[in-house]
Amino acid sequence: MSSPEQWTHPEPGVAPAATAATPTAEQVIAGLRATSEGGAELVQLLTPEGERVENPEFDKYVADVTAEDLRGFYRDMVLVRRADREANALQRQGQLGIWVPLLGQEAAQVGAGRALKPQDMAFPSYREHGVAWCRGVRPEELLGIFRGTDNGSWDPIANRFHLYTIVIGNQVLNAAGYAMGQRFDGKVGDDDGEATMVFFGDGATSQGDVHEGFVWASVYDAPLVFFCQNNQWAISEPTERQTRLPLYQRARGYGFPGVRVDGNDVLATLAVSRWALDECRHGNGPVLIEAYTYRMDAHTTTDDPTRYRLSDELEAWKLKDPIERVRVNLIRHEHADQAFFDSVQADADQLAAELREFCVNMPDPPPERMFSNIYADPNPQLDAQRDEFLQYLAAFSGGAH
Amino acid sequence: MATPVLNKTSAAQAATQTITLAKSINLGLRAAMEADPKVLIMGEDVGKLGGVFRITDGLQKDFGEHRVLDTPLAESGIIGTAVGLAIRGFRPVCEIQFDGFIFPAFDQIVSQVAKLHYRSQGKVKLPMVIRVPFGGGIGAVEHHSESPESYFSHTAGLRVVSCSNAVDAYWMIQQAIRSDDPVLFFEPKRRYYEKGQLDLDAEPYPLYASRVLRRGDAATLVAYGPMVKTCLDAAAAAAEDGTSLEVIDLRTLSPLDLDPVFESVRRTGRLVVVSEAPRESSLSGEIAARVQQECFYSLEAPVLRVTGFDTPYPPSKLEEEFLPDLDRVLDAVDRSLAW
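Heads up: the sequence lines are chains A and B, in that order. The working numbering puts the first sequence at residues 1 to 401. The working numbering puts the second sequence at residues 1 to 339.
Okay, chain A solo, but in the shape it has when bound:
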């Protein structure tokens, strides 16, 4: 009765008929709850207060998680956040042209990233610094994109982490094709099977490529986990501008399961991601996960959220901080002492210092780099253009001008 999908089709006799333009008070409240709390179907294993709650469906996917593992996730999130804050500061100090903060989305990304197995493939959007971390891509390797020295420096094949895709939604189709290939290669069907996970945001769900990705993955039974981080904002536009329906429910229309998980809960995200990847590697893909989270900082360093959202919204989400709830849980169960937290903080500070050192010493690329690796095979015409330009540049170096 209280699910917003009934805004347009209320069950007869249960609620007064309403159109989207004139919802009933009950439907407005249901909609607000769905967008501010995640709704009744939100999978949560750790409350914002750090309390472990049971979930009969998903508990088994994290039954093997030890205290040491949980400390590891805590460390992951703290380090990822520290690197993110340092990069943000580096932009403010003119060392980066732009930065795309992930603040607030650490649990969604570490939960998903740690669920991936080595043989799995991941296709990120451009805010997936936490997933990158889990795939062994160092924060330093992300900087070139934002400093303007390259368009992505890591090896996407070796890391099994594709390069950042900036055009919204493009990577969803690329991932669908890759997952089709895993299936064509016969790598799907048992515990050792392969799967692919693709990351995109709530804004991207309006893109045609995401719709086509849903269609393609479903009709080819591709082992693809669609991991949508609903961080509530696509730059200035709220999720309500993208959808009438909770996003995870879209999966039903395409014929595969959709789940909404508390994206600020690393344990729940890990459990749901493991389940989804297992479904895929056993041939039951695709699956849609909506990780319900919040972009606590601006869209990028060029953005000004004060123009479009209220600060008390941010204050409300601070109470659901993804790192704090793990810290509280570790303390409550005496799984970590102050020495542990101090050591993580020291590691984070060292990571940040190394990142800063690396960033400020990054050399500018040489002019000929512009012309390199455009084609795999030789291109004499382009080579001639490069040579002409380099000769032109060389004329200055002799002091002739």
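Certain hints may be false.
As the list claims (entries may be wrong) - If you want the footprint, here are the derived chain B segments under chain A, 3+ residues with CB under 8 Å: (1) 71-77; (2) 82-88; (3) 107-117; (4) 155-164; (5) 175-185.
What the hints assert, rightly or not - Per label pair, the in silico range of CB-to-CB distance: (6) Pro378(A) x Arg215(B): 24 to 32 Å; (7) Asp349(A) x Pro37(B): 37 to 45 Å; (8) Glu388(A) x Gln121(B): 18 to 26 Å; (9) Glu388(A) x Pro37(B): 39 to 47 Å; (10) Glu65(B) x Asn159(A): 28 to 36 Å.
If you are wondering where the hints come from, they were derived from the structure by calculation, not from laboratory data. Glycine included, each C-beta is placed from N, C-alpha and C at the ideal position.
Dock chain B against the given chain A, drawing on the hints supplied.
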């Protein structure tokens, strides 16, 4: 590049056969699929139906549904998933059913297909082919007769080629599939049923090379795809009047291979570029600019162009007026000679 891809099935047939351009691409695809199990065909109606032009006829039956994919009806999906398959190690050959339907895939082609090799500094290769039946002259409705090649030759990272005859079609499609770069392969649909003598034992001409098809000394005609036949017909007609025209088939549109054109224009002093595409910001303009730069002192007349007009492709009752034909080509030749 010059190594022929032969297979026993094809080679067992008569070494030289009379064949249509359409059948030639079909045989070329077959040979490529036999040579490399990673080659996939994907597109709308390419399987059971064999494509609306029957270019992929019989391939799904012989190679299976896992090699010849009837895809959902979404062009961005075809290209976007082919990118992922290529990253995975496959060599997808995508069919865009008609030229005017490529635009839903334009984003994927320009943003991903063209740029992934550059973005990854060579770590990711995209060995994929995008086949596009293009050009007019078949009496079709809107969106079925366009010449969008300049959009793609304007985009760094893509290779763009166009075959004009059955012999080239057989070899060029195989060379394009073997290329580690993404290739836009423009097929002259109004010439699909033109026949040629295909010699399977012949040494294929390189893919990224233009080619002189007819020698002459009075003026040079340059064309690609469907207009090559128009130019050859024009040259034959001019020869009857005692005018000797050279005809060059560009074959590769990006990168352009203009050395044979420069060499020709230095001899003839006159150039007419012929293309169905609209004139503004087109390949014909690029060729004219480069020829005047390289052959400035050899030119006896300005480079002239015979092209489609700067209009949308018109309703088919007007396409005879829109499309360059023998008379318009010879008119341009006359103007060049009279300069």
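May I ask which of the numbered hints given earlier this structure violates, with the numbers listed in increasing order? Violated hint (a single one): 7; every other hint is consistent with the structure.
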